[in-house]
Amino acid sequence: MNGHYVVTREDWSLHRKGEIDRQRHQEKIKEALKNNLPDLVSEESIITSDGQKVIKVPIRTLDEYHFYYDQGKKTHAGQGDGKSKVGDVLAHEPNAGSGQGKGAGEEPGLDYYEAEITIDELAEMVFEDLGLPNLKPKKKAELASEAVEFKDIRKKGISSNIDRKRTVLEAIKRCALSGQDGLTKITPDDLRFKTWELTYKQESNAVVLAMMDTSGSMGVYEKYIARSFFFWMVRFLRTKYQNVQIVFLAHHVTAAEVSEEEFFTKGAGGGTRCSSVYKLALEIIKNRFNPQDYNLYAFHFSDGENLFTDNELCLALIKELLKHCNLVGYGEIKSPFYGYGDSTLRLTFKRLTDPRFIAVIIKDKSYVYPALKKFFAQTHGQ
Amino acid sequence: MDTKDELRLLEEAIEKIIAKARELGLDFNDMYFEICPADIIYTFGAYGMPTRFSHWTFGKAYHKMKTFYDYNLSKIYELVINSNPCYAFLLEGNSLIQNKLVTAHVLGHSDFFKNNLHFKRTAKNMVESMASAAQRFRGYEQKYGRNKVEAFLDAVISTQEHVDPYSWVGIQEPEEDRQTGEKGSGTKKNCLTSGKEHKETPYDDLWKLDNFQEKQSEEKEKKFPSNPQKDLLLFIMEHARDLEDWQRDIISVVRQEMLYFWPQMETKIMNEGWATYWHLQIMREIELSEDEAIEFAKMHAGVIQPSRFHLNPYYLGLKIFEDIEKRWNQPTAEEKKKYKRLEGEGRKKIFEVRELENDTSFLRNYLTKELVEELDLYLYKKEKDEWKIVEKDWAKVRDEIVAGMTNCGYPYIVVEDGDFNKRGELYLRHCYEGVNLDIYYLEKTLPCVYQLWGRTVHLETVLDERKILFTFNGERIIKRFT
Chain A
4 MNGHYVVTRE DWSLHRKGEI DRQRHQEKIK EALKNNLPDL VSEESIITSD GQKVIKVPIR
64 TLDEYHFYYD QGKKTHAGQG DGKSKVGDVL AHEPNAGSGQ GKGAGEEPGL DYYEAEITID
124 ELAEMVFEDL GLPNLKPKKK AELASEAVEF KDIRKKGISS NIDRKRTVLE AIKRCALSGQ
184 DGLTKITPDD LRFKTWELTY KQESNAVVLA MMDTSGSMGV YEKYIARSFF FWMVRFLRTK
244 YQNVQIVFLA HHVTAAEVSE EEFFTKGAGG GTRCSSVYKL ALEIIKNRFN PQDYNLYAFH
304 FSDGENLFTD NELCLALIKE LLKHCNLVGY GEIKSPFYGY GDSTLRLTFK RLTDPRFIAV
364 IIKDKSYVYP ALKKFFAQTH GQ
Chain B
14 MDTKDELRLL EEAIEKIIAK ARELGLDFND MYFEICPADI IYTFGAYGMP TRFSHWTFGK
74 AYHKMKTFYD YNLSKIYELV INSNPCYAFL LEGNSLIQNK LVTAHVLGHS DFFKNNLHFK
134 RTAKNMVESM ASAAQRFRGY EQKYGRNKVE AFLDAVISTQ EHVDPYSWVG IQEPEEDRQT
194 GEKGSGTKKN CLTSGKEHKE TPYDDLWKLD NFQEKQSEEK EKKFPSNPQK DLLLFIMEHA
254 RDLEDWQRDI ISVVRQEMLY FWPQMETKIM NEGWATYWHL QIMREIELSE DEAIEFAKMH
314 AGVIQPSRFH LNPYYLGLKI FEDIEKRWNQ PTAEEKKKYK RLEGEGRKKI FEVRELENDT
374 SFLRNYLTKE LVEELDLYLY KKEKDEWKIV EKDWAKVRDE IVAGMTNCGY PYIVVEDGDF
434 NKRGELYLRH CYEGVNLDIY YLEKTLPCVY QLWGRTVHLE TVLDERKILF TFNGERIIKR
494 FT
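Read top to bottom, the protein sequences are chains A and B.
For the first sequence, this note's numbering assigns the number 4 to the initial residue and increments by one for each residue that follows.
For the second sequence, this note's numbering assigns the number 14 to the initial residue and increments by one for each residue that follows.
Among the hints, a few may not be true.
DSS-like mimics (lysine-lysine), calculated; alpha carbons at most 25 Å apart, straight line [unchecked claim]: (1) A/Lys37 <-> B/Lys161; (2) A/Lys31 <-> B/Lys457; (3) B/Lys492 <-> A/Lys77; (4) B/Lys161 <-> A/Lys77; (5) B/Lys161 <-> A/Lys76; (6) B/Lys457 <-> A/Lys33; (7) A/Lys33 <-> B/Lys77; (8) A/Lys31 <-> B/Lys79; (9) A/Lys366 <-> A/Lys376; (10) B/Lys405 <-> A/Lys88; (11) B/Lys156 <-> A/Lys77; (12) A/Lys139 <-> A/Lys158; (13) A/Lys88 <-> B/Lys394; (14) B/Lys133 <-> A/Lys86; (15) B/Lys397 <-> A/Lys86; (16) A/Lys77 <-> B/Lys79; (17) B/Lys79 <-> A/Lys76; (18) B/Lys156 <-> A/Lys76; (19) B/Lys397 <-> A/Lys76; (20) B/Lys394 <-> A/Lys31; (21) A/Lys176 <-> A/Lys154; (22) A/Lys88 <-> B/Lys236; (23) B/Lys394 <-> A/Lys76; (24) B/Lys397 <-> A/Lys88; (25) A/Lys139 <-> A/Lys154; (26) A/Lys33 <-> B/Lys79; (27) B/Lys349 <-> A/Lys31.
None of these hints come from the bench; they were simulated from the model.
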């Protein structure tokens, strides 16, 4: 006869299936984030953040592809409180301004998943295959630091170097082996000492000259692009290389060396004469960084609206820079709304054939990441 | 109170509830109650079955459900499996009164699984067959690599709802085949004409129309498949040329599991309504302390809470069953005369409904004007940036809800030609009924079909009132209006 019953309670502690597949899903989200890096890299909340916080990245939940009806064009059924009438608004679609969001928001529509990620994790992904190109060993390498690293544990050592944690662990282990609970006393045999080794870090010295156009024609958008590039560049250099010096140069008609903070915040006005900043760069190299001793990199961001008569001079100066630098990069920021053609400055630069000169055009935010990859691809001209 | 005592109290309660349920006429399989911690319940919820194969989409569902639980936004109290014996998983930490309600609710489901017509063909040993499939899949992963198996599963899952749960309709099959329900594709015989001795009636020429059509189609070019086939997975499994055995096995498993879950998807409102109806009935009849009564009322209210954005199946189903019972208990004078309805037949009627209907017919037949108005049901739609109520007329609301349930809410897609262009290309047709497909998803899903079929695939649909053909040739999507 049917209708018998059993009630049980089993041990489920080894049942991990949901967890395992959840982890796989997280992995896939990471992959998806990686594919979205071009968009993420120029995300405003990241550039303006203090560099510490966790950011939430809305990504469309990992797409499960099926043939679906178009939710936006379909009617759906719902239930009111008895007073509903035709024309009542149930919900507003969240502002469509943020990206190419499709059907985001309220109930019907698609899920968005907020992936939480720290800027460090993001940076790790961004920097994964970036490096300073053409890095060469230089004479001044003796600057490289002599470092003491505690790497090893021994049973003998100086009493000031006792590793307390390991010592206590040893004692507990010994007690446990003899069947005693917890920690009774520490015998000399339990003692563990930290010992060090001397290591030498061979670093090639590198100097990066960050040059930015701050003239009147550089609007909010252009400056934002340049800033997000330099934000990642600075971050990248500081994480990967300990001995990199960054020199910040801002220019309009004239150029000046500025502090990092000023570089990222200051705006100016007036016309543009790019040669001014190249001249300044060369001067700084001459006075402070002998190319014999340093790996030099120069990056310049501008909207390309240079004084026409200045272009030839710029070309000559870039050639001069290339004599000293491992790489010279030029990024031209184009407003998405007009001017898709090359600027006269860029046309002039096109005559350069040196593979160590790299020019990129940035048309919108998503070009920042490819530009980073292009400038720091590690293999130019080798 | 230690856990042993708790278990004993629960057993006593279940004993009483089962007795009461039987007394009220519920008919269910043997019950197997199991108390599980939350993450296990949520795992089962995400997978639909404790023993199912592994895939990241389940991990995603699990993560979402678990997050909702962790933030106290929603809670699953129980999970029932359509099997014999019927497995019911209770959430560890449920209070005794919660478990009483859950037990009563679960018995309603179990009765429904056992007696509703649409479940007659579902395999009752699915717990075991899913476990063995999962085992095989793990073997494939070890042999062919996890990424390869996963990528293939991704493609199969993206087309999983394109099966044909009603392929058996119209086919006379030997009694022993009934249990499996998997045989038969295509050829439809008319049951009515196959009788040997056949009385002459004035309507015979109607049947001849059928034969006429058949003849006509024979004259045409030989088609493959001869009739449009809805079971895309079956068609691919049988006819895709380059699949390996393990791949066909995966398709077969996903298809079987979809067929197993299909009746649950098409009776969601009825099934939940029925279970809710019975937990109410049973709980009203067993003894509860004052505290328990309040706790029960709270929980019940939570279950039937309506939503502005979708229909709550528990609430809607319950209201319809209650309404049917009332109407058949006290028929109007007209109903008595016209339909010869007797008084006091409410219970009998709802048992009949639970046996015969699915959500589509349930709503079409029993969602009345009065109910639509009482429940304040409406249709809403996106207009520019706003979701707005666009319809309150009861018949239109009902019809639109019913229409939305066609094919469990999935677009109806058939295989039109398995040798299109005489190059073995697959030609699918979306049977357009007024609602556009989502083009973004279409263009992402078509390559999945390609992955399975191995050759160029086409999908015909309608966009802006015009016929359009999407083609994926292995490299890119081409679309053209035809």
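Hint check results:
Between A/Lys37 and B/Lys161, the direct Cα distance comes to roughly 21 Å. Compliance with the 25 Å bound is thereby established for this hinted pair. Of the pairs offered as hints, the one joining A/Lys31 and B/Lys457 holds, with about 17 Å between alpha carbons and a cut-off of 25 Å not exceeded. With a C-alpha separation of about 23 Å, the suggested pairing of B/Lys492 with A/Lys77 holds against the 25 Å cut-off. As the CA atoms of B/Lys161 and A/Lys77 are separated by approximately 36 Å, the hinted pair breaks the 25 Å bound.
Annotation: proposed proximity of B/Lys161 to A/Lys76 is violated, straight-line Cα distance about 36 Å (limit 25 Å). As the CA atoms of B/Lys457 and A/Lys33 are separated by approximately 20 Å, the hinted pair is consistent with the 25 Å bound. As the CA atoms of A/Lys33 and B/Lys77 are separated by approximately 17 Å, the hinted pair is consistent with the 25 Å bound. Of the supplied pair hints, the one linking A/Lys31 and B/Lys79 holds, its CA atoms being roughly 18 Å apart against a limit of 25 Å.
Only pairs whose Cα atoms come within 25 Å are accepted, and A/Lys366 paired with A/Lys376 is accepted, the gap being roughly 16 Å. Between the alpha carbons of B/Lys405 and A/Lys88 the distance comes to roughly 7 Å, so the proposed pair stays at or under 25 Å and holds. Between B/Lys156 and A/Lys77 the CA atoms are separated by roughly 44 Å; this puts the pair beyond 25 Å, and the hint is violated. For the suggested pair A/Lys139 and A/Lys158, the alpha carbons sit about 43 Å apart, so the restraint of at most 25 Å is broken.
Proximity of A/Lys88 to B/Lys394 is assessed by CA-CA distance (about 13 Å); at most 25 Å being required, the pair is judged to hold. Taking the CA atoms of B/Lys133 and A/Lys86, the gap is about 42 Å. The hint is violated against a cut of 25 Å. Only pairs whose Cα atoms come within 25 Å are accepted, and B/Lys397 paired with A/Lys86 is accepted, the gap being roughly 24 Å. A threshold of 25 Å between alpha carbons decides the hint, and for A/Lys77 with B/Lys79 the separation of about 30 Å lies outside it, so the pair is violated.
In summary, the hint linking B/Lys79 to A/Lys76 is not supported, as the alpha carbons are separated by about 31 Å, beyond the 25 Å threshold. Simply put, B/Lys156 and A/Lys76 have alpha-carbon atoms about 45 Å apart, too far for the 25 Å limit, and the pair is violated. For the suggested pair B/Lys397 and A/Lys76, the alpha carbons sit about 10 Å apart, so the restraint of at most 25 Å is met. The hinted pair formed by B/Lys394 and A/Lys31 fails the criterion: a straight-line CA distance of about 33 Å is larger than 25 Å.
The straight-line distance between the Cα atoms of A/Lys176 and A/Lys154 is roughly 23 Å, inside the 25 Å bound, and the hint therefore holds. A threshold of 25 Å between alpha carbons decides the hint, and for A/Lys88 with B/Lys236 the separation of about 52 Å lies outside it, so the pair is violated. A hinted pair counts as satisfied when its Cα atoms are at most 25 Å apart, and B/Lys394 with A/Lys76 qualifies at roughly 7 Å. Our distance criterion of 25 Å between C-alpha atoms is met by B/Lys397 and A/Lys88, whose separation comes to about 19 Å.
Using a Cα cut-off of 25 Å, the hinted pair A/Lys139 and A/Lys154 is violated, with the two alpha carbons roughly 29 Å apart. Restraint check for A/Lys33 and B/Lys79: satisfied, since their Cα atoms lie roughly 20 Å apart, inside the 25 Å limit. A threshold of 25 Å between alpha carbons decides the hint, and for B/Lys349 with A/Lys31 the separation of about 63 Å lies outside it, so the pair is violated.
Of the numbered hints stated above, those contradicted by the structure are hints 4, 5, 11, 12, 14, 16, 17, 18, 20, 22, 25, 27, listed in ascending order.
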